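Student: The primary structure of each chain is shown beneath.
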Amino acid sequence: MAESTQMFKPHFTEEARGLAYYLGKMNGYAALKKALAMTPEAIIDEMKKSNMRGRGGAGFPTGVKWGFIPKQSPKPKYLVCNADESEPGTFKDRDIMRYTPHLLIEGMLIGGHAIGAATGYIYIRGEYVREAKLLNEAIDEAYAKGYLGKNILGTGFNFDLTVHRGAGAYICGEETALLNSLEGKRGEPRVKPPFPAQSGAFAGPTIVNNVETLAAVPMIINNGGEWFAKLGRLEKSGGTRLISVSGHVKKPGVYELDAGSVTIRELIYNVCGGILGDKKLKAVIPGGSSAPVLSADEIDVIYDIEPLMKIGSMMGSAALMVVSEDYCVVRLLKRITKFYAHESCGQCTPCREGCKWMEDILHRLEDGHGREQDLALLLDIADNINGKTLCALGDAAAGPVSSFVKKFRADFEAHIRGGKCPNA
Amino acid sequence: MPKCIIDGREVEFTPGQNLIDVAKSAGIEIPFFCYHPGLSVVAQCRMCAVEIEKFPKLQTACSTPATEGMVVKTQSDKVKQNQKSVMEFLLINHPLDCPVCDKSGECDLQDQSYGYGSAYMRTSEERRTYVDLDMGPVIQKNMNRCIHCTRCIRFGDEVAGIREMVAIQRGNNTEITTIDGKQLQTEYAGNYADICPTGSLTLKDFRFKKRAWFLKKTPTICEGCSRGCSLELQHEANVIYRCIARENKEVNKHWICDEGRFNYHYVQESDRITEPAVKQGTALQMSAWKQAVLSAREAVAGKKVAVLVGSDLTQEEAAMVQQFAKSKLASAPVFHFGTPGVESAKDDDAADSLLKRKSKTANLHGMEKLGIAPFTAMPSGVHAAIVFRGGRAQLPTLAVSTRIGVGVFKRSESLEFEAVLPGTAFAEKDGTIVNFMGMEQRLKRAIAAPRECKSLSEILMMWTNL
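Sequences listed follow chains D and Y, in order.
With numbering that gives the first Met the number 0 applied, the first sequence covers 0 to 423.
With numbering that gives the first Met the number 0 applied, the second sequence covers 0 to 465.
Think of the hints as simulated: they come from the structure by calculation, not from any bench.
All values reported here derive from a predicted model rather than from experimental measurement.
Every residue, glycine too, gets a C-beta built ideally from N, C-alpha and C.
Honestly, I wouldn't trust all of these hints.
What the hints assert, rightly or not - Straight-line distance between alpha carbons at most 30 Å, and here's what the computed DSS-like set of lysine-lysine pairs gives:
1. Lys77(Y) to Lys406(D)
2. Lys443(Y) to Lys191(D)
3. Lys191(D) to Lys216(Y)
4. Lys72(Y) to Lys406(D)
5. Lys208(Y) to Lys53(Y)
6. Lys355(Y) to Lys191(D)
7. Lys405(D) to Lys208(Y)
As the list claims (entries may be wrong) - If you want the ones that stay clear, here's a sample from chain D, every Cβ over 10 Å from chain Y, calculated:
8. Lys8
9. Gly145
10. His341
11. Trp356
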């Protein structure tokens with residue numbers, strides 16, 4: 000396991016926050032100067048070369064996404080940063096906003112120049128009260144120094160940036176629901192097409208990117224797309240990844256590792272110090288709670304987008320949740336399902352009705368009132384939701400149910416036959 | 000025209016048409032709940048999902064425009080499985096109180112359960128319930144039956160121009176209700192019931208009156224204003240129970256106003272004069288037809304007469320009256336009346352931003368076509384007036400000593416009349432009316448005239464020949 004490049008992690012300290020540190024120690028706003036001298040096409044090209052794949056969860060190539068923005072548009076264009084970070088288990092964006100807010104601001108400025116947007120929004124989850132305040136302080140600093148506002152660095156480029164706080168709905172992390180919420184509407188996903196790049200915020204062409212994605216942009220511009228691409232050990236996935244590790248490990252926290260440089264086993268046992276109390280590993284949720292679960296014998300997979308997809312799970316927001324043998328997986332699945340049922344927006348039928356139905360069944364099951372046919376029914380409901388909903392929340396709820404029931408069937412059956420949790 | 004392939008058949012389409020409409024034009028039904036041709040597309044119910052070649056996932060037909068060469072399957076196993084699953088999802092919380100639901104028999108949810116659902120229920124969990132607030136005089140709400148299609152929200156917002164229905168709460172607890180639980184404000188509230196695909200929003204006026212499957216349906220035209228919206232009168236055993244909108248792209252699209260929807264009530268009100276009546280002393284008394292006609296004729300004999308026709312009469316009736324006045328009443332002058340302040344087509348503007356017109360009678364424009372002048376004041380020297388009315392035209396002040404009414408009158412408004420010869424209302428006759436756009440539309444007889452009421456031609460025949 001070779002050393003990973005540390006772009007973010009060393010700066011996750013209280014001292015790093017101000018503009019002085021950013022300018023002095025992090026070569027701050029140099030990338031902006033460089034980018035403003037480049038054409039938008041050249042920036043998008045550099046992003047394509049970098050193999051940056053969206054860090055919010057879907058892993059879509061960022062350069063390609065920026066390329067979707069129409070050159071001519073009668074409506075203003077917008078760059079929106081998705082700082083809703085609400086996938087359970089994910090807390091990496093929080094550190095970026097808390098310690099290196101100027102990285103995000105500079106990334107958004109470069110992104111704004113690349114797509115031709117003069118307005119940016121940071122949509123931040125309502126619970127991040129402190130981070131919203133810190134971001135606003137950093138934005139004020141940037142305005143004061145002329146990095147934001149009109150005629151930035153004397154180049155004629157204008158860019159305004161506003162922090163918009165969400166009101167506490169998971170669904171507002173879905174980009175079109177986020178845009179609705181930003182516009183003051185009910186946070187419900189929109190029908191796609193049209194995609195935000197054609198018609199997004201206030202019906203203007205809009206790009207929505209994750210915090211980590213945008214915060215990496217200055218480093219891509221400074222060092223070149225190829226440098227960034229080479230950080231990744233696998234093809235088509237560049238850069239480092241901020242990984243949020245939680246659950247039953249000795250050293251939980253945010254880690255920065257070159258993309259594809261470790262297996263999950265190495266991550267748990269070498270990087271995070273192994274399982275709490277040296278217990279046996281029961282399960283790993285590799286990419287935020289919506290990612291299909293992995294059993295203990297599946298963890299020799301390389302922790303990156305493609306390898307996880309190949310074994311039927313996903314990297315998601317790179318939030319690894321580790322579960323030791325002591326914890327009841329039925330209870331865990333019930334809790335996850337309850338979350339998605341609670342966060343379903345209620346627009347489309349399969350998600351509104353199906354998620355709650357699964358929760359009800361799991362609730363019964365955990366209490367020892369399950370029936371033999373419940374497991375088949377759960378799998379069937381998950382199947383009927385998966386891929387058939389308006390947005391990805393349905394899939395997010397269905398994936399855990401299918402994978403838990405299939406991989407830990409014995410635990411579920413023990414609850415049904417024993418009439419109670421065997422661990423209780 | 001471009002073509003796509005649906006279930007192996009080549010189907011022509013107009014660019015922009017969605018797959019539901021394209022399939023429908025070829026006689027292929029794609030089931031749906033939330034889609035409505037008059038409202039925006041939200042793709043929420045997921046019932047209309049179809050398989051399209053080159054798309055890995057099912058696509059909702061409502062939100063997918065047909066494209067040249069698109070290959071669509073509406074009957075594949077994947078599609079059928081999805082329909083079955085959507086039906087199951089929609090029914091796990093639906094009360095299934097069809098036996099006591101007014102929507103039963105004309106309910107999309109019921110029909111599609113029959114067509115696409117399963118006979119077996121796999122849920123044993125408790126059903127979701129809500130407490131309903133009063134929504135005002137027009138709509139009865141039952142949120143437990145709601146399937147969250149949001150048609151009502153979109154109707155208010157996009158058509159009626161008032162955002163009064165909203166979704167509150169979230170997920171499984173989502174409730175469709177009015178803002179702050181207020182009563183409905185729109186004057187088009189009845190449409191909420193028309194477009195609701197379940198019994199969640201029903202008409203209070205129709206509540207528990209009749210099972211839908213007993214109703215006979217007559218397509219006709221609204222006589223409520225000069226727009227002439229397309230209606231359907233629904234009746235059984237000569238009683239009208241309900242009136243709903245009929246689609247007419249040029250006139251009213253899919254909608255009607257509440258005034259037009261409930262206008263039919265006067266036809267079967269107890270105050271309507273349905274027997275020939277003659278003034279005896281100070282009050283109108285029921286009489287036989289022969290005696291009433293003779294009394295009426297006698298009352299105007301030797302007097303200078305003016306003829307007033309309501310602009311709620313049909314073209315045929317008005318022309319008949321014109322001819323009658325000319326040949327049998329010594330060319331008495333003929334005037335039309337209907338809405339105070341709206342004397343001619345020039346005065347007849349839009350009364351709101353949706354459908355309503357200022358003229359509160361249906362045939363003002365037809366009257367002008369026949370060359371009938373508006374009634375402003377009684378010409379000097381006239382001592383008797385014969386008033387012909389369909390039922391809706393508002394009676395002007397009649398400054399004469401002798402008044403005869405022919406047509407539909409209430410007892411309360413005929414106290415000053417010498418005689419009333421009861422005629423037919425719009426639901427009881429065929430005829431032509433001309434709307435404000437100059438379109439000639441046909442009234443169709445839905446029910447027989449009550450008791451002794453006779454058609455205008457019969458009454459004039461008696462007047463002439465007795």
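Student: Each hint should be assessed against the structure and marked as holding or not.
Tutor: Taking the hints in turn, this is what the structure says about them:
For the proposed pair Lys77(Y) and Lys406(D), the alpha carbon gap of about 25 Å is at most 30 Å, so the pair holds. Restraint check for Lys443(Y) and Lys191(D): the C-alpha separation of about 45 Å exceeds 30 Å, so the hint is violated. Under the criterion of a C-alpha separation no larger than 30 Å, the hint pairing Lys191(D) with Lys216(Y) is inconsistent with the structure, at around 40 Å. Under the criterion of a C-alpha separation no larger than 30 Å, the hint pairing Lys72(Y) with Lys406(D) is inconsistent with the structure, at around 34 Å.
Distance restraint check for Lys208(Y) and Lys53(Y): the Cα-Cα separation of roughly 51 Å exceeds the 30 Å cut-off, and the hinted pair is therefore not satisfied. Only pairs whose Cα atoms come within 30 Å are accepted, and Lys355(Y) paired with Lys191(D) is rejected, the gap being roughly 36 Å. For the hint pairing Lys405(D) with Lys208(Y), the CA-to-CA distance comes to about 53 Å; that exceeds 30 Å, so the pair is violated. At roughly 37 Å, the least C-beta separation between Lys8(D) and chain Y is larger than 10 Å, which holds for a residue marked as non-interface.
At roughly 43 Å, the least C-beta separation between Gly145(D) and chain Y is larger than 10 Å, which holds for a residue marked as non-interface. With a least CB separation of 6 Å from chain Y, His341(D) falls inside the 10 Å interface cut-off, contrary to its annotation. The beta carbon of Trp356(D) is not kept farther than 10 Å from every beta carbon of chain Y, the shortest such distance being approximately 6 Å.
Hints 2, 3, 4, 5, 6, 7, 10 and 11 from the earlier list are contradicted by this structure; the remaining hints agree with it.
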